[in-house]
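Chains as they are written, first to last, in the numbering used here: chain A, 1 to 293; chain B, 1001 to 1388.
Because the hints were derived from the structure by calculation, they are not lab data. Backbone N, C-alpha and C fix where the C-beta goes; we use that ideal spot for every residue, glycine too. Be careful, since some hints might not be right.
[As the list claims (entries may be wrong)] Computed spacing ranges between beta-carbons, pair by pair:
1) E1168/B <-> P123/A: 31 to 37 Å
2) V124/A <-> G1189/B: 56 to 62 Å
3) R84/A <-> E1168/B: 22 to 28 Å
4) A1227/B <-> L158/A: 34 to 40 Å
5) V1162/B <-> L5/A: 30 to 36 Å
6) V1161/B <-> V124/A: 58 to 64 Å
7) R179/A <-> V1161/B: 50 to 56 Å
8) L181/A <-> A1230/B: 33 to 39 Å
9) P1115/B <-> V279/A: 35 to 41 Å
10) L1131/B <-> Y254/A: 51 to 57 Å
11) E1168/B <-> V124/A: 31 to 37 Å
12) L115/A <-> V1162/B: 49 to 55 Å
[To be verified] Examples of chain A residues toward chain B, derived with CB under 10 Å:
13) R3
14) L5
15) F6
16) L7
17) I9
18) I34
19) R90
20) Q106
21) A107
22) G213
23) T217
24) G221
25) A265
26) I267
[To be verified] Incomplete in silico selection of chain A near chain B, CB under 7 Å:
27) V35
28) H91
29) I95
30) V97
31) G100
32) M103
33) G110
34) M111
35) A163
36) L164
37) L166
38) N263
39) L273
40) L277
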Amino acid sequence: MTRFLFLTIDGLAMGAVYATFALSLVLIWRAARIVNFAQAAISVAAVDVAWVVGSRVGGWWLGLLLAPLVGALLGVLMQRFTMRRLGPERHLDAIIVAIGVAMVVQAGLGMVFGLQYRPLPAPVSQTVLTVGGVPTLSPYKLVVLGAAALLGVGLALLFSRTALGLRLRASALAPEVARLLGVEVDRMTTLAWGLAAGVGAFAALLVLPTGPGLHPTAMDGVFITAFTAAVLGGLDSPVGAVVGGFAVGLVLNYVTGYTDEPNLAPIALLGLLLAVLLVRPNGVFAGPTIRRA
Amino acid sequence: MRAFGQPTSPGARGAALGLVVLAAGVVATYALPGRLFAIGQVVAWLVAAAGLTILVGQSGQLSLGQAGFMATGAYAAALTQNALYAAGFTVSPPSGASGRFGASAAPTAAPWTLPVALLAGAAVAAAVGALLGLAAVRMRGAYLAGATLAFGLIVTPVTAVVDGLGGEQGLRVHVPRAPDPLGTAVGEGRVRVWVALVAAALVLAVLVAAVRGRWGRTLRAARDDEAAAALVGIPVARVRLAAFVVSAATAGLGGGLYVYLTGTVLPGYFGLTTSLFLLVAVVIGGAGRLVGVIGGTLFVVAVPIVTTEVMAAVNASPALQARLAGNAPLALLGLCLVLVTLARPGGRLAWLRRQVGVRRGARVGSPGVHGPGRDGTGGKPPTRHVPE
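For reference, chain A alone in the conformation it holds in the complex:
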């Protein structure tokens, strides 16, 4: 029972990170019908840059501010220089280009920083606190939960309460109509890419201190996990992505926690992904509506 409680609480904290990263995938999917397969590489690059600056000047907390900014910049650059040049109908080409960008970014990071893991220290202790005999969370995981929750609330407010959020949603759902009504759809799409990549970098900065550290491919596993979470939630729904993130975090923690076999995590993930695609291919939260492309 103690173990179950610990795995549940820890799974929710990890789920918060997966949910955040899944949100970054969903944001781009809604705006451009593209899954950004370069998101993992870009967010590592952003954390790398933020850490080089942050560790000299202000430490992790400054990095927390910088990483999303650098990530957003990289996302905007990627959209401007590659994705925007593809027509709206070339979905397959968009994936291929994203893969190419990921290869270039990862190779660049490998050349600059080398291929060994570089530890990324957490700003507060990672020792698990015990409350009433039950091991729960480390102070750092509390920070992770809090930061992810703040970001989630911020995004929800942005999309539901601001004019910018309305323009973003309009550009994603009905680009032609939005354009007729004076929304600069092209600029909104670029902005969505920046926003999404910033969110991805934020998630990377939160999750990397809990693992072996910085490495060009350090986020690949998180990417697949978040992709599964996003598909679970329907790939189109931010709320679905968040719930999917928590669900995947719990499932992974139970599987690896009860078997003590970390190698089962990617296998369980593939099983979960295939199960969702077979049973509810449009996600657990899909309504009865049929939407075209």
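Following the hints, position chain B against chain A.
Coordinates of chain B only, in the frame set by chain A:
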């Protein structure tokens, strides 16, 4: 081939391409005797990439986990081969081997066990592909790409978890040795490359014939307009699944060939990089073009080799060499992927062919990944998707 003045049948075209590949490969094993391993790698990867180019170019779907299917085929072939060996299907070793290892050299696997093992590898990979495809082909391309990416990433974990796969150390495989007159006259390593070449020639011949025939037209119809294809009675989902299963099967065969060439199987052969390099080979050659993918595969195998040689030639410092060794080819090939896709949907070779004015000579089907007719002949992108 148009130069011969006769429109040729799909089967004849396939056979011609297969024979050309076979002949060129045999010549290469004599012209570059020091590069037998690289030639073998090209051949094994070519088999895997041939299925992928059909999937991407003709069917409009993307797999990022071809290395996973290669691994599936490789381990299935290795286990089959070792099981047949353990069951006693052996022959006494050829004289060359017994001379080298003394009179008491162990028997080697019977030659007929090799095709059995290779077919078993392809069949298991096809079955796993069918399972994965059933779940993913109904959805848009991104789902299949993500699912195959996840699949490619479980190779190492599976070998670590499942007993009998040898973990990170992999398995030694009892592959047959070349029978006596051939082995001594030609050399064991060269014979293995030839065997792989025969397999590659067969695969290319069959795929060219299939793609130019009715099956290829069905694939392209399902790719270009789902609704129209369904209206004329094409079972779109089944056609897509078939393309995916074919690509998984050829990857499995390629993995099995890799096992035969090296005599071992290791999870490290089949990482994400291998999947990505195969995709680069497909895109550079022009997705959907079986002639182009030959050049693409040569290119992706040559780039790391050339990088290493250049660094050795300029006496780069060991530290620099360590930094560039894997990363420079990755960067270059990634850049190729981006630039070729952005600039020339038909692939580099299609562009070259336009420059020399040979427009339709060797083409096999589509102008590329949904290429919107940039070379004037092209298909049209899929316009809609109606989820179940």
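A quick look at each hint next to the structure:
no.	hint	in the structure
1	E1168/B <-> P123/A: 31 to 37 Å	holds (35 Å)
2	V124/A <-> G1189/B: 56 to 62 Å	holds (58 Å)
3	R84/A <-> E1168/B: 22 to 28 Å	violated (43 Å)
4	A1227/B <-> L158/A: 34 to 40 Å	holds (37 Å)
5	V1162/B <-> L5/A: 30 to 36 Å	holds (31 Å)
6	V1161/B <-> V124/A: 58 to 64 Å	violated (34 Å)
7	R179/A <-> V1161/B: 50 to 56 Å	holds (52 Å)
8	L181/A <-> A1230/B: 33 to 39 Å	holds (36 Å)
9	P1115/B <-> V279/A: 35 to 41 Å	holds (39 Å)
10	L1131/B <-> Y254/A: 51 to 57 Å	violated (24 Å)
11	E1168/B <-> V124/A: 31 to 37 Å	holds (35 Å)
12	L115/A <-> V1162/B: 49 to 55 Å	violated (28 Å)
13	R3	violated (21 Å)
14	L5	violated (27 Å)
15	F6	violated (24 Å)
16	L7	violated (20 Å)
17	I9	violated (25 Å)
18	I34	holds (7 Å)
19	R90	holds (6 Å)
20	Q106	holds (7 Å)
21	A107	holds (4 Å)
22	G213	violated (18 Å)
23	T217	holds (8 Å)
24	G221	holds (7 Å)
25	A265	holds (8 Å)
26	I267	holds (5 Å)
27	V35	holds (4 Å)
28	H91	holds (6 Å)
29	I95	holds (5 Å)
30	V97	holds (5 Å)
31	G100	holds (3 Å)
32	M103	holds (3 Å)
33	G110	holds (4 Å)
34	M111	holds (5 Å)
35	A163	violated (30 Å)
36	L164	violated (27 Å)
37	L166	violated (26 Å)
38	N263	holds (4 Å)
39	L273	holds (6 Å)
40	L277	holds (4 Å)
Of the hints listed earlier, those the structure fails to meet are numbers 3, 6, 10, 12, 13, 14, 15, 16, 17, 22, 35, 36, 37, in rising order.
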